[in-house]
Structures are given as structure tokens and as C-alpha cells.
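A.B. asks: Below are the chains, spelled out letter by letter.
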Amino acid sequence: MQYDKRKHLKLLKSSPKLESPRTSLTDEEFVKFLDSMPIPDENFFELEKYSAMMISHLHWENREHYFELIEKLLNGPINFLELRKKHRAINDAGERLEAELIFLEPNPKCEGFDDLIDELVSLFDRYCPDSSLRESHEFSEKELRDLVQNIFIKMKEYYPENSKENL
Amino acid sequence: MKIKGRGFPLEYYPGEILTEREAGINRKMFLFRVTGMGGALTPNVSVMLPPPPTAINRIQFTSLDSMVSQTKPSSLIAPVITNQPDKSILTDLQLDEFNQISSKFLDSSISMDEAILQLRGGGKFKDISFIVLYIWLYRLQNNHVESFQPIYPPHQEWMQNRAHQRPPYAGGYSSSNSGSSLGLTHTNDGFNELSRTKIQNAYSQIPNLSVEGTNQQVTAWSAAKHIHHSPDFGMDPTKYGMTQKDLDSIAKNGLISHIRDGGTPPNDEYVKAFQQRWKRFAEHKDFRECGIQTVMGQDCHVLKHNRTRIFLAIKTDSGESFTGYQLTERQSVNHNNTGIIGKNYKN
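Line by line, the protein sequences are chains A and B. Here the first sequence stands for residues 12 to 178, numbered as in this note's numbering. Here the second sequence stands for residues 86 to 432, numbered as in this note's numbering.
In isolation and in its complexed conformation, chain B is listed as follows (with noise of 0.2 angstroms):
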């Protein structure tokens, strides 16, 4: 058995043998992760590394301590080998001088290759060492840093409300906004698909919310859509830091248009209570169920209180809320004679 002796910290090599203080000390491993674009590393932080490539793939890194726990020489029985994808053991002088090289790298100082050299250069990296850094150069190179950053959904800061506050996509934001990285450029023309489906995607994390005894979905899109019908249902924008200026602003350009011209989008808690009004609505006992019936040309299971003349549809395809608002006497009335709620002009 062949055991090496060697400073604190200890570099590992696969397939040998530590004795217990060895293995007590180097316990004291360096974990390490990317603190922001330039790729600083910072021990005893541990995250999980994307996985390598295809190509080098096979590569397994070894549990350190499973290998301790191992009594025989690894000639005779092969270490009980585990999947620890997230760990390495980096020197002080090893963090710092691969610090150095990234930060290159990304500056676009140095070209990758360049980077490899420079790691290999007096062979301050060895093996394991090596192949991890490599991967995560090459991870680098292909994915712009992004991989390796705690990535949040673009909506996750505005839409937990940040009333009065710009989604990082809205138009009208300098270069250095988190828009821009996303790929998402605002241009004269107006808001591009990409965007919208952006918005429509973040609201959409938000869950459906089953109405009882149906199969029906009230949805958060729906309900974002069709926010300033809210105090049609008895809640108070301001409570969930919008006006009805907002709500204004909803009803003449859309969601969309509104929250592209930077008006305060409706945040998370307003969509939801929203979505659960809708839902409460729909599951009271005193609503009429007024059957398929068009509500602006779509068809739709209209449910209807009648002596507040509130009405939900849901759409009968998708069987997900649509629409709903407090009708006019006239519109209450015309609709008890014809089961129609808004013309439809498209066909």
C-alpha cells in the first residue's frame, strides 16, 4: 500500500490510499463556486456543477471518504466509487490562480486555448483538478457564464411586487439592465413575440386553481389579463400596490402593452387573490348556470349571479376562465333574452 505524505491541503489521486489524519485533514476540502460574471471562486460553498460534456462524460470524481473507508489496497478491490459530481479539492494558490485565468478568459484576454496552457503551465493542476477546470472553461465558453450563476426567472424580482417598479424587459432600459442580457431588446416596432410570451410564461408560473366538483381551471393568465375587472369583484387595487389609473391603463392597451410602457405590472398576490375571487365566485352556491353561451364570440359555460349581474366564463375548449366582469343592467337584461354576452363582430 502505498500512502503519500504530503502539506496541508492534500491534492488526492485517484485509486490511493489515505491515512485517517491524512483523511481527517483533508476532510477540510475546498468546495467552490462562481460568485458573479468573472467566475471569482470562494471556498466552502458548495453548488452543483452543470454536467460535462458528452465527450468526458465517463469521468467520475471520487468520493473522498468513501475511498478512507476502503482497507484494502485498491490493487486487489476496487474503491467503492460514488457519483460526487459537485466536489474538488483546490488550494488557496490554486482558487486564486484560476481566479486569474477566468477572469481572462471572460474578459476575452485570453482565448480558451490559451486558458488551457496556462492551466497546465508548472502543472498547478493535476488530473481531477484539471478535467474539472477544463469543463468548467468549456462551460463558460458555450454558455456565457449563465450556467454556473444562480439563474431566477426574469419575472421573479417584478412580479413579487416591486410595486412601481419596471419588469427587467419593459422597454426604455440603458444597456447595463438585466433586460439586455436576456436577449430582449426593445425596439420602435414594440414589443416582439419573444417578450410577450416572456410575460405571458412568468404569469403562467403562477398555478391553475381547480374549481370544485368541475373540471375547470381559472388561470393566472386570465386573470392578469382581466385584472381591472378586479374591483368588479370587490378587491381594492391599492391594497396590492396598483391604482386605478393602472387599471386604467390595463383596460385601454392590454397587459402586455402596459407593463412594455412601464406601468406597474399586477404583481403575484394580486393575480392570485384575482384567481381565487374567480375561483370562490364560481363555486358559490347562487350562481346561474347559464350553459354555452358566446361571450365575445368565443363560446363558453357562462356562470352568472344574477343579482349582482357578475358573471365568469370559462372557455369550453380548454375548459380555462376567460373573462369576467360586472354587466350593465341593459347587458344583464339583454342577455337574459339572448344568451349573448358582447357581439361577436369576427364571423
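So that you can see chain A by itself, here it is in the shape it has in the complex (with noise of 0.2 angstroms):
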């Protein structure tokens, strides 16, 4: 699917401002935001896909960071919170400039580039290092560390840092 601007901006215009949902919510509240929410419609399924399109490009302008964020986690103590939070962060940052209609043009080159970091990020969801405690869909420590540097890999080689050739 190739990224058209004017259209990412048709369908921001026509669809519905979205709010995420505030993190102070009553049951009775929660369930009011829900409600407010139209049904969503083929304009939404393709807006998502610009939106993701949008953040991808984000993803990867920041790929040195990413990099070397996993790669201290590769070699120290297994602690991903600097990189689930600045993963978030990046999320945070494209929902807001689409709600301020702020636009970036994402380089052909970023593409799926968010896969493998949502795929990353989540992996550490189903980290358990205590054996005893691991449940059958989790990792052990070794087992995390050998998917992140399978999944830094495919990053390094589809996705190389900035450098000359790349600008």
C-alpha cells in the first residue's frame, strides 16, 4: 500500500476525533467512552493503515536509538523498560500529530520496520525468568535473549543505521 498525504488527511477530516481513553476512568465512564466511539467503517480500517504507515516512519528515524537500547539490553542485565517506553513514546508522538493534522512523508525504506519492533516489544510481555513461576507461553532469560538478537539481526540488515550511502 503506498502512502498518499492527501488522502491520510481526507480521511483524519472526515473521521471522528479519537481521544484515547484517560487513565482516571469510572466502570460507568469507560463504558460512556466506549459508547461514544462510532462504529467504525472501511474509512477507518484504511486510516489505521496510513496511521501505522505514519508511525512506522517515526519507528525508524529513531532506529540508532532503538539499536542501541537493544543492544545494551543484549549485553546487560535483561532490562527493556527504556525501550518499551520510548516505544510508547514514539506511539504517543504519531497519535498526536495526526490529531494536530501534522503529516510526515514515511520513507518507502521504514516499511515493516514497526513490525519488528512491536514483535520485539511484546516478546518481553512473556518474559519469566523464574523457571518455577514460567507458564508455557513464556521465556526463560535465554530463550528472550536469543529472539531479540534474531529479531536485532533482521533490524540491522533491513534497516541499517544512517550513513552516507543511506542519505
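Be careful, since some hints might not be right.
Stated by the list, open to error - Pair by pair, the computed Cβ-Cβ distance ranges are:
| hint | chain 1 | residue 1 | chain 2 | residue 2 | range |
| --- | --- | --- | --- | --- | --- |
| 1 | A | A100 | B | E368 | 43 to 51 angstroms |
| 2 | B | K324 | A | K165 | 35 to 43 angstroms |
| 3 | B | S403 | A | R145 | 17 to 25 angstroms |
| 4 | A | Y169 | B | K370 | 36 to 44 angstroms |
Hints in this document: simulated from the structure, not taken from any laboratory. Just so you know, even glycine gets a beta-carbon here, dropped at the ideal spot from N, CA and C.
Each of the two chains sits in its own frame; use the hints to bring them together as a complex.
C.D. replies: Here it is in C-alpha cells:
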């Protein structure tokens, strides 16, 4: 799917403004919040794809910092909070830009980078260092390190850091 | 009819008949309880005694009032017997005597045999009283007093939010902490299976919530384990005595390790509220029933609210809640395309 800035803008303008749920809602407010959302239509799903492309660009633009954080994690203790915070901050930033109708033309080279970074961050939800506590879908430290290493190799291969030849 | 006249308080012998006056006095009977380690007995408080050992279970303690109501001699008509194993009659002197003996017994100053001898010595305790006290000591010996103390579930104190308090079985306590009396000792190897079970059981005491119109259940344990996702559902951890840092710690270490390491456990109020939030989500009219899909390698019924990208997964095998959070835009797009949330790396 090719990114189309005009289409993206049109879809954003025509779709209701989405608010992230505030983190202090009562049950009733939460239900009202869900009620306030119109039933998604085709435009919504198309807009979601454009949004994902723009956010992917933001992740890709920050890949050098991501790489630093991943290397730090692989070479030291498993501490992924910094990586997770970075990931969340970029997602939030993308949503804020959209909300203000500020666009970034995604670089075609960024395609798929967000898949890998999302995959990597979601691994952390399944990390359980203590074997006696581990459930079948969860990973040991070694398993996690191996998986992170594999994803990191792919990232470095397909999305090299900025250099003269990449500029 | 044989009537015995004695000073106050009266001792009661099975089968004897008391006058109304004696009965009136005797109604001021003493009940006792153990108030803590050491077995101090205090009058006028009633608690249930544990059932005696099988060998002497046949002996029944007779209600005084039921005896008083009898108008015929016991030799002609047997008194109406009612089980009332929580009452016995002890004088102040007897209570003091027994307290001393049980204290010595508990601190191992005297053996069981010596305690029995002392109870029998001087004829201070007779018949039923002696039997009750014998049972008492027997149980003390076998159960190390715990049977006679109010036993609270280990999680009770800390789960009802004592924010910033440690659970009794978290590591790092001195030997005087109640954690050690539970037989849970923290080792350098980490938390043992028992401790994990205890923590899980503690949360599992909170009842499941049924999702209306389905056979699905939102369990407290799954909600507690994924409490770090509660802000995705519009919940504020600070309302429940926790911080985002606590949630980060749970996300990073898992709930059990977080508690083991002395982190603030999510209290029952928080877990119940999150359970309720999941239930309300699952019952909302606008979610998309995605059918059976793979979530982190588990077959689940997936309920997704497309606009917010929030989903809730219910395990197909058990019908119990598994996890739920807000997907990123990309994860949501991928989920729409593939029906998968989180790759299955295990197979």
C-alpha cells in the first residue's frame, strides 16, 4: 500500500476525533467512552493503515537509538523498560501529530520496521525469568535473548543505521 | 435424687440434677479461649474447640441448661443430651493453673506426660474438665497451637491494601516475621513453588466474574497478573496505592517476582476493579467478536474494540480470561489481516 498524504488528510478530517482513554475513568465513564466511538467503517480501517505507516516512519527514524537500547539489553541485564518507554513515546507522538493534522511522508525504506519493533516489545510481556513460575507461553532469559538477538539481526540487516550511502 | 451443694462456682458432673439456684449460679459458667501463643485462657468468651481425636470423640459434653430442665432423676430417665463442645466450666483457680501448665508445655519446659501429671495432681481437674484440657494439650502438641488461634489467610492483611507493605511471605524478612511461621523461607534461589501457589491462591480467593450471556469468566488471577495493562482500560493505579513505576516493575519482572522482591502488590480493590473493567468491556455492545484466534500461542476467543484497539482474550479451553491491552496501530492492522496477536514462538 502506497502512502497518500492527501488521502490520509481527507480520512482524518472525515473521521471523528479519537481520544485516548484517560487513565482515570470510572466503569460508567469507561463504558460511555466506548459508547462514544462510532462503529468503524471502511474509512476507519484505511485510516488505521495510514496511521500505522506514519508511525512506522517515526520508529524507523529513531532506529539508531533503538539499536543502542537493544545492544544495551543484549550485553547487560534484561531491562527493557527504557525500550518499552521509547516505543510507547513514539506511538503517542504519532497519534498527537495526527490529531494536530501534522504529517510526515513515510520513507519507503521504513516499511516493516514497526512490525519488528512491535514484535520485539511484545516479547517482554512473555518474559518470566523464574522457571518455577513460568507458564507455557512464557520465555526464559535465554529464550528471550535469543529471540531479541534474531530480531536485532534482521533489523540491522534490513534497516541499517544512517550513513552516507543511506542518506 | 442426689443434689450436691457446693460453693461458687459449681462443678458439674454428668447425670446429676441441680437446684434452680445452683443452676442460676452455674449459668455464669466460664468459657475460655486461647489468646495467643502461650495459650492464656480468658473467661467468658466462647470459641469453638476443634474436634477431639477420634479415640475420645465418643465423649460428649452435656449442656447444663438441658440438664436443669429435667425433672426426673437421671437413674430413671436419661437426660436429653445436646452436643455443645464449646463450653466447659472452669474456676479462676483452674484457669490460672491450666494457663501455667500450658505455658510450660508450650515453651517445652515440661513434656506432655508431665503436663498431664500436673493436671491430675491434687485433683484440681476432674472428669470432663480434665478430658477437655487433655484434648487441648493433645491438639497443642499436634498442631503447635495454630488450631486454636484465629488463622487468617496469609494474604489477608496485605491484600486489603496496605499500600507499600510487603506481603508476609515476601523475601527479606527476619525470622520474627509471620512469613517464617508459615514455613515460607526466602532463599537465594528465589521463590519456591509453595510461595507462588500461595500468592496465586491469595488472588484466587477473589471470586471470578461471569461475562453476561456467556460461560466466560474473568478471573482475579489473570487480572492481577496483567494489572500493568490497566491504564489501557482507563484505570489510574494511584487510586489504588500503586504507581506507574510499580506497574513497570510488574511488566518487567512479572507479578510474583515483583511481590517477592518486595514490590507493592496490587490490592484486592484494584484487582476487583480491573476484573470489573474487563467484564464491562466484554459485555460492551460494540466490541468485535473475532472468533477463536491465537494470542501469544494460546487459542483464545478474542474480543476487540476496533476504535480503541483494545482487546480481551478468553482462553477457549477454560473459558477464563487470559490477557487484554491496547494494541498499537501496526499490531491492530496486522491483527485485522492475520487474526493473530503475538507470534507463537513455542511451536
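A.B. asks: Each hint needs a verdict: does it hold in this structure or not?
C.D. replies: Each hint tested on the structure:
1. A100/A <-> E368/B: 43 to 51 angstroms: Distance hint for A100/A, E368/B is violated at roughly 33 angstroms.
2. K324/B <-> K165/A: 35 to 43 angstroms: holds, 41 angstroms
3. S403/B <-> R145/A: 17 to 25 angstroms: holds, 18 angstroms
4. Y169/A <-> K370/B: 36 to 44 angstroms: holds, 42 angstroms
In this structure, only the earlier hint numbered 1 is contradicted, and the remaining ones agree with it.
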